[in-house]
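There are 2 protein chains.
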Amino acid sequence: MNDYQILKNIEKHITLNDLEIDHFLSVLKLKDLDKKERILSQGQTCKKLYFVEFGSLRAYNMNEEGKESTIMFAVQDWWITDMDAFVHQKPAVLSIETLEASRVMELDFQKLEELYIKIPKFERFFRILFQNAYIREQVRALENISFTTEQRYLRFIKKYPQMLPKITQKQIASYLGVTPEFLSSIKKK
Amino acid sequence: MNDYQILKNIEKHITLNDLEIDHFLSVLKLKDLDKKERILSQGQTCKKLYFVEFGSLRAYNMNEEGKESTIMFAVQDWWITDMDAFVHQKPAVLSIETLEASRVMELDFQKLEELYIKIPKFERFFRILFQNAYIREQVRALENISFTTEQRYLRFIKKYPQMLPKITQKQIASYLGVTPEFLSSIKKK
Numbered sequence: 001m002n003d004y005q006i007l008k009n010i011e012k013h014i015t016l017n018d019l020e021i022d023h024f025l026s027v028l029k030l031k032d033l034d035k036k037e038r039i040l041s042q043g044q045t046c047k048k049l050y051f052v053e054f055g056s057l058r059a060y061n062m063n064e065e066g067k068e069s070t071i072m073f074a075v076q077d078w079w080i081t082d083m084d085a086f087v088h089q090k091p092a093v094l095s096i097e098t099l100e101a102s103r104v105m106e107l108d109f110q111k112l113e114e115l116y117i118k119i120p121k122f123e124r125f126f127r128i129l130f131q132n133a134y135i136r137e138q139v140r141a142l143e144n145i146s147f148t149t150e151q152r153y154l155r156f157i158k159k160y161p162q163m164l165p166k167i168t169q170k171q172i173a174s175y176l177g178v179t180p181e182f183l184s185s186i187k188k189k
Numbered sequence: 001m002n003d004y005q006i007l008k009n010i011e012k013h014i015t016l017n018d019l020e021i022d023h024f025l026s027v028l029k030l031k032d033l034d035k036k037e038r039i040l041s042q043g044q045t046c047k048k049l050y051f052v053e054f055g056s057l058r059a060y061n062m063n064e065e066g067k068e069s070t071i072m073f074a075v076q077d078w079w080i081t082d083m084d085a086f087v088h089q090k091p092a093v094l095s096i097e098t099l100e101a102s103r104v105m106e107l108d109f110q111k112l113e114e115l116y117i118k119i120p121k122f123e124r125f126f127r128i129l130f131q132n133a134y135i136r137e138q139v140r141a142l143e144n145i146s147f148t149t150e151q152r153y154l155r156f157i158k159k160y161p162q163m164l165p166k167i168t169q170k171q172i173a174s175y176l177g178v179t180p181e182f183l184s185s186i187k188k189k
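Heads up: the protein sequence lines correspond to chains A and B, in order.
Residues 1 to 189 in this note's numbering are what the first sequence spells out, letter by letter.
Residues 1 to 189 in this note's numbering are what the second sequence spells out, letter by letter.
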């Protein structure tokens, strides 16, 4: 029963006793999702943080001109949400949908706030999680400024090798912030 | 004695008693810096996290071709370091220097690790700090992909109004990832 991926993820940084594991599992909600199922829509209040038990998801924004920008992909063992909208309980600027049949664990905003109080070790867990997420985004910001699109494409396939069979060239292009035609010209090199 | 900016920053998220304040201040090191003083050099191990009591600093990377990319600015009440290098105690990819005479508080890596154990409230403080930093970088990543340089310049002057008198056009251009000439052509519009 306790062989959930999310417990292995948590135990990378903190150790829970049996009671704490029971409590933690009791605040989670397991959800099985179909391919192309949307779990967050731009404009909606973002009430949940998601952990990927298996499968893969994509978070993206659509601007006023209808241009899509992919902000992140999430595969097994990753956390995903519109963090700004989740933390501040305001309308999402991102939509999130599955790229294949997937299973996620949902953690509700209010329940997470209670979890910090009830089991303060989770402060440590999420401190390390956010610290790593911040580092990842800081590295990405530097790459976005200083790397060519070709270098960024090579970093992408190194970072997400398991994603490649599941995503379209258009989605990769929208993650790199270029047109599919430009990406295709780079790949030919 | 206790009117340090850093204590006001901490108290945004947690409350410390007098003993905890004394301990926290005892692990910090106050440093007065001249203009253009460098506190971290690319390639060096990054041992400190810095908090800006007053003044302003810039973190930047120089690539193999000698091109500079500014990754962040920090003004009063901000924290700054090469977080990847600090957390993993590995060589920095960023250099950090002052833009004017400044005062910083230094927090040593080992002392911060001990602080988490001794006063676990700091787990909460840094959880919230990293959470906000992650959100800021996620928003920036989306803007980098989906905004024009003109929109990003307007966001920049709105985000860092107090920086404008202190930084050169070249530094702003290197933050936006464009040439100074391109930035100048945008400003003329």
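Be careful, since some hints might not be right.
Identical chains share a label here; the pair holds if one copy fits it or two copies do between them.
[Stated by the list, open to error] Calculated lysine-lysine pairs in the DSS-like style (CA-CA distance at most 30 Å, straight line): (1) 111 / 8; (2) 111 / 67; (3) 189 / 31; (4) 67 / 166; (5) 121 / 29; (6) 158 / 36; (7) 31 / 111.
If you are wondering where the hints come from, they were derived from the structure by calculation, not from laboratory data.
Quick rundown of the hints versus the structure:
For the homomeric pair residue 111 and residue 8, the shortest alpha-carbon distances inside one copy (20 Å) and between copies (28 Å) are both at most 30 Å. Within a single copy, residue 111 and residue 67 get their C-alpha atoms no closer than 35 Å, and across copies no closer than 47 Å, so neither meets the 30 Å cut-off. For the identical chains of this complex, residue 189 and residue 31 are neighbours neither inside a copy (42 Å) nor across copies (50 Å), given an alpha-carbon limit of 30 Å. Within a single copy, residue 67 and residue 166 get their C-alpha atoms as close as 21 Å, which meets the 30 Å cut-off; across copies the closest is 36 Å, which misses it.
In this homomeric assembly, residue 121 and residue 29 come within 30 Å of each other (Cα to Cα) both inside a single copy, at 21 Å, and across copies, at 28 Å. Taking identical chains as interchangeable, the C-alpha atoms of residue 158 and residue 36 lie at most 30 Å apart only when both belong to the same chain, with a minimum of 25 Å there against 37 Å between chains. Within a single copy, residue 31 and residue 111 get their C-alpha atoms as close as 17 Å, which meets the 30 Å cut-off; across copies the closest is 42 Å, which misses it.
Of the numbered hints stated above, those contradicted by the structure are hints 2 and 3, listed in ascending order.
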